[in-house]
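Going down the list, the sequences are from chains V and F. Residue numbers for the first sequence follow the numbering used here, beginning at 236 and rising by one. Residue numbers for the second sequence follow the numbering used here, beginning at 236 and rising by one.
Derived by calculation from the structure, the hints in this document are not laboratory data. Be aware that a few hints might be false.
Note that identical chains are pooled: a pair holds if it fits in a single copy or bridges any two copies.
[As the list claims (entries may be wrong)] In silico lysine-lysine, DSBU-like type, Cα no more than 35 Å apart, as pairs:
| # | residue 1 | residue 2 |
| --- | --- | --- |
| 1 | 354 | 413 |
| 2 | 280 | 706 |
| 3 | 710 | 308 |
| 4 | 242 | 724 |
Protein chains: 2
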Amino acid sequence: MAKPQIKIDYKNVMADVIGEEHGITRRRWADLAEKVELLIPLVMKEIVGFKRHPDITRTRYGLLPVNNKIAQKVKKQVDKISKKGKCDNLVVLGIGGSALGNIALQTALNPYMYNLDDKLRGGRPRLFVFDNIDPAQLASFLSALGDGLKRTVFNVISKSGRTAETAAQFLLIKKILKSQNSREKKEVHLADHIIITTSFEKDKKGRPQSTLYKIAKSEKPNLPLLEVPKGVGGRFTVLSAVGLFSAAMCGIDIDELLAGAKDMHDRVSCRDFKKNPAAVTAAVNYHYYKYGKRNSVIMPYAFALKDMADWYRQLWAESLGKRFDLNKREVWAGPTPIKALGVTDQHSQVQLYREGPNDKLFTFLEVKNFNNDLIIGPTPKYASELNCLQQKKMSLLLNNEKKATEYALSQDQRPNLTVLFDRVNAHTIGQFIYLYEVTTSLMGALLDIDTYNQPAVELGKEATFALMGRKGYCKFVKMPYKKFAQQIKTATKTNKKYLV
Amino acid sequence: MAKPQIKIDYKNVMADVIGEEHGITRRRWADLAEKVELLIPLVMKEIVGFKRHPDITRTRYGLLPVNNKIAQKVKKQVDKISKKGKCDNLVVLGIGGSALGNIALQTALNPYMYNLDDKLRGGRPRLFVFDNIDPAQLASFLSALGDGLKRTVFNVISKSGRTAETAAQFLLIKKILKSQNSREKKEVHLADHIIITTSFEKDKKGRPQSTLYKIAKSEKPNLPLLEVPKGVGGRFTVLSAVGLFSAAMCGIDIDELLAGAKDMHDRVSCRDFKKNPAAVTAAVNYHYYKYGKRNSVIMPYAFALKDMADWYRQLWAESLGKRFDLNKREVWAGPTPIKALGVTDQHSQVQLYREGPNDKLFTFLEVKNFNNDLIIGPTPKYASELNCLQQKKMSLLLNNEKKATEYALSQDQRPNLTVLFDRVNAHTIGQFIYLYEVTTSLMGALLDIDTYNQPAVELGKEATFALMGRKGYCKFVKMPYKKFAQQIKTATKTNKKYLV
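Pulled out of the complex, with its shape left as it was, chain V reads as follows:
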């Protein structure tokens, strides 16, 4: 392992550092180690298709193993578009797992001014990710885009190909592109402007299951397709075509991402608890969840890592928020992930973090070397109270603030972990992603729940379709959609009695 590896510093959860009341004693640590060591091999098998419990009958892999073939396919697609040479804007239409990883990679690995500075991009497209259906936001974008639409590529991402939000966006864009045809009296090929990323799975009769897949194959010429890997939940797909295509289009080194993930794979496969960063991270999180600290705050001290917190937030919440355990007992499990940003949130949340209820575990992300640094200017002589800042590196101030916060929280017996990055680059980001995917799997195993499903999302989806006027019978709630819609309308109707 020649390249620097991210490390977990867990001293501030130990009882000999933050005290017995809120720290983990040596005895407890040994218990946790024993418990987790048994689960490591099970979880690592889960990654490649093993089922932890006989009741889990769906075909799936848990999380996606590192797969370089996917990267090759993605790069081919990127080359094709580059050759056509008309992509100034790449627009990702997707939501949840089809957007959060894309955003996180972009913020982490491209400069802050990427979209605003043509020189910086060196011919690469600007990236926009729309993971919402706010009409004012989208209308503002389309209006500003104007004629730039001709040099815009839309990457539409949905596993089922019928996610309501993404489908609505897709139908809108399709309409707009087609209207160009009549306006300009020359053919606009959808295939030049739309790339579909969706499931390639077929049903027993060999028919494609994804609606977007069907649409892609029905257009003439066919729309280009990339695959959402089989059996992997959206929140675990950032290292598939879902996350890699937009990254590669914007110049991110996706091979390095996968190399980082592979390095982490080796480390988290280790059966020795104290050498396995996923095992230690999961054990700490599990301990605090069990002992009344059900909020898990992730607080990067680097703007680049800001959106990794959002990615983590989905991974954690959808994987671990579960009503039933594998024995069908009601457990209503799930730590609540909370994102914060250092140093910004020192001036917003730290008052609460120190003096509010001691119900949180903190995970800091700390970066040793920034890809760019700045030197603070000299202090005027009539402002000597600022002398200690002058001519210092700004990264030094940032990292000292992190230390100061770590110190202050530890003084108040608030347990905290730190993920240490030597530097933010594709290699360390790949490590981080894989580390947290496996940590999530281990947490799910410790909580004895099904980490990879998301049953509670279904009701809202069906309710939306009902309200939009879908026809027919809703199997999920066992009544016609029309009746279901009526029920929701009655339940959500504003009642003047309860309005102020």
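Position chain F relative to chain V; hints supplied.
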């Protein structure tokens, strides 16, 4: 009241809607009403200078009353800059209360593409708010800015004028602007590029207390100054020069903001609990905090309101996260504010919100009319499963998704409130801001804490200065800074024993 007022829909917290176990019974509601009605006049006096408890001895007003004179001063300053006609970029340097309101107003009241589309701005400056000291982020900005620095104005905001982060940014910018002088061999006047927003308070000997104020007055020509109102905590200053200047520079109607706040002032002054939206909102939040739902999720269903959640998050956390009550009893109080975004987070957090621990109160923000709408396109015939979406307004889909989520959460007895906006504009945003400021004050009164201080932030600040090498004696920790720094370094040093 001719203009539409925002409303609170609180039916989904009532026991007759979501059940006795998690809902508020009529009896409890009457108790809450009685308790809050006693506090309304006290809190409204607090706003204009009353002290709820004799032990609170500092001079302060609590929150800032609506003040049109401030808006006049701000507009004068904006006019001065417009006349000079060389502001393409406005950069706010501030943190916490000196940034969150600015960002929230911009996202709420200017179009999504404001910074990226010159036509849209009609000559107004792009807005950048740096509320962090990440060197890579700031370096990327400065590098992309390049020669644009000449047409850039920096609004440096810090009440004390020595907030470490803002001071560091200021010293950096000052250095860069001065270096322009030598490079271009002509005078660059700092006064053309820097506007200071800070406290104008003087000590007993008549000396200005703010470091930035001193610097502004020492430069020749003097740097223009705007005032941070006396005795008001940063998190309550968005409707002062702190938040209003950048808003007005970017074309936001600040008179309408204040008119909205004034309308809300009248409504929240009402002593009749059931007619007072702040009273009802505070009562609901207090009830759930007391009965084990200590997480408070705010979830706007509009991109425009996304950053209002961040503003609220500071307001709530710093005001209510308190170790002691007014009788000096240890209470470790404080609900944890959590921000989410509809519909985006339906695909990230709703699984947890429905099936995780029932420890959250949800506040949705719903917008009836969007300032712009889009019509979804037609469905291809081989994708009939999407028929219910075709030719519908996108805002209808968005709001139906909100209803679907509200329905799903209520079915699971998860209490939720909705703040209803007829439309997002300066008037309703002014209302919202004032509503939540007063709600926060009422919550503080219900919790019997000091809503307006933030004692826990001090240790981290002093620790930072110590680590940066400040000289002399630290009164706060009662030891020399040097010794203090040594203590922090020892405490935060990486120990290989706890590293993986």
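How the hints compare with the structure:
1. 354 <-> 413: both (32 Å within a copy, 26 Å between copies)
2. 280 <-> 706: neither (43 Å within a copy, 57 Å between copies)
3. 710 <-> 308: neither (38 Å within a copy, 62 Å between copies)
4. 242 <-> 724: between (51 Å within a copy, 19 Å between copies)
This entry does not satisfy hints 2 and 3, going by the numbered hints stated previously.
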